[in-house]
Amino acid sequence: MSYNNDETVNCAGCTTYPCYKGEDCIRGQNFDKYREAIAKEYEKPENKKILEASSHIEVEHYMQWNRLEEIIGFAKQMGYKKLGIAHCVGLINEAKVLKDILDQSFIVCSICCKFSGTSKKEYDLTQIRENNFETMCNPVGQAIVLNELKTDLNLIVGLCIGHDILFTQNSKAPVTTFIVKDRITGHNPAAIIYSNYSKRKLINK
20 MSYNNDETVN CAGCTTYPCY KGEDCIRGQN FDKYREAIAK EYEKPENKKI
70 LEASSHIEVE HYMQWNRLEE IIGFAKQMGY KKLGIAHCVG LINEAKVLKD
120 ILDQSFIVCS ICCKFSGTSK KEYDLTQIRE NNFETMCNPV GQAIVLNELK
170 TDLNLIVGLC IGHDILFTQN SKAPVTTFIV KDRITGHNPA AIIYSNYSKR
220 KLINK
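Number 193 in our numbering belongs to position 174 of the sequence shown; there are no gaps in the numbering.
Worth flagging that the hints you see were computed from the coordinates, not collected in a lab.
There could be a bad hint or two in this list.
[What the hints assert, rightly or not] The calculated lysine-lysine pairs, modelled on DSBU-like cross-linking and capped at a C-alpha distance of 30 Å, are:
#: 1; residue 1: K169; residue 2: K191
#: 2; residue 1: K95; residue 2: K59
#: 3; residue 1: K67; residue 2: K118
#: 4; residue 1: K218; residue 2: K95
#: 5; residue 1: K59; residue 2: K118
#: 6; residue 1: K100; residue 2: K200
#: 7; residue 1: K67; residue 2: K169
[As the list claims (entries may be wrong)] Pairwise CB distance ranges (calculated):
#: 8; residue 1: T145; residue 2: K63; range: 34 to 44 Å
#: 9; residue 1: N151; residue 2: M82; range: 15 to 25 Å
#: 10; residue 1: T145; residue 2: I203; range: 38 to 48 Å
Ideal Cβ placement from N, Cα and C applies to all residues, glycine included.
Take the sequences, apply the hints, and build the full model.
Below is the structure:
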């Protein structure tokens, strides 16, 4: 399938990285038309504050902090007091350890995906075992509860694909992901990129 330059963008295919040196893109893309819209967004106080805090973490702790340390440092830099954890029931142990760590610096609210005990059949959802009772994951409900609790930042811990999207869309607080669910790779989805066997399997599909 082919596209013209106005229909797609392919920075992943670049080999020269002129933007890294402050130069214009040499692949025919016209990014100048976006500059005004981008500047307007960064002028918004909430966006500018996040941008500045992120830059501070990168400059002061580059190659020193792991992801969790960065989240903690970022939240402190932003002045956040209350954090939310939206986690999968299958990662409840990971969520507990995470909460124990975050409890040292913040008020932490954790809510499990199955918290409402709502049947999948109530929303006509497909079940793994049709004749059994199955509780649905409730990412919208997780977001609503954390919104009610007025969290400053919400962390995703292993929500299913799609459920993470619904949670993010419905969360009033900004959202970041601490653990991405991947049942095959031990929650490390990047692993398939580093495995020639897995990569070949996907590319040949």
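Hints, one by one, checked against the model:
A threshold of 30 Å between alpha carbons decides the hint, and for K169 with K191 the separation of about 8 Å falls inside it, so the pair holds. Between K95 and K59 the alpha-carbon distance is near 26 Å, which keeps this suggested pair within the 30 Å criterion. For the given pair, K67 sits about 28 Å from K118 by alpha-carbon distance, which is consistent with the 30 Å threshold. For a cut-off of 30 Å, the pair hint linking K218 to K95 is broken: about 38 Å separates their Cα positions.
With a C-alpha separation of about 36 Å, the suggested pair K59 and K118 falls outside the 30 Å cut-off, and the hint is violated. Between K100 and K200, the direct Cα distance comes to roughly 26 Å. Compliance with the 30 Å bound is thereby established for this hinted pair. Proposed proximity of K67 and K169 is supported: the alpha carbons are some 21 Å apart, at most 30 Å. Checking the proposed 34 to 44 Å range against T145 and K63 shows it holds: the Cβ atoms sit about 41 Å from each other.
A hinted range of 15 to 25 Å for the beta carbons of N151 and M82 is inconsistent with their spacing of about 48 Å. In this structure the supplied range 38 to 48 Å is violated for T145 paired with I203, their Cβ-Cβ distance being about 20 Å.
Violated hints for the displayed structure, listed by number in ascending order: 4, 5, 9 and 10.
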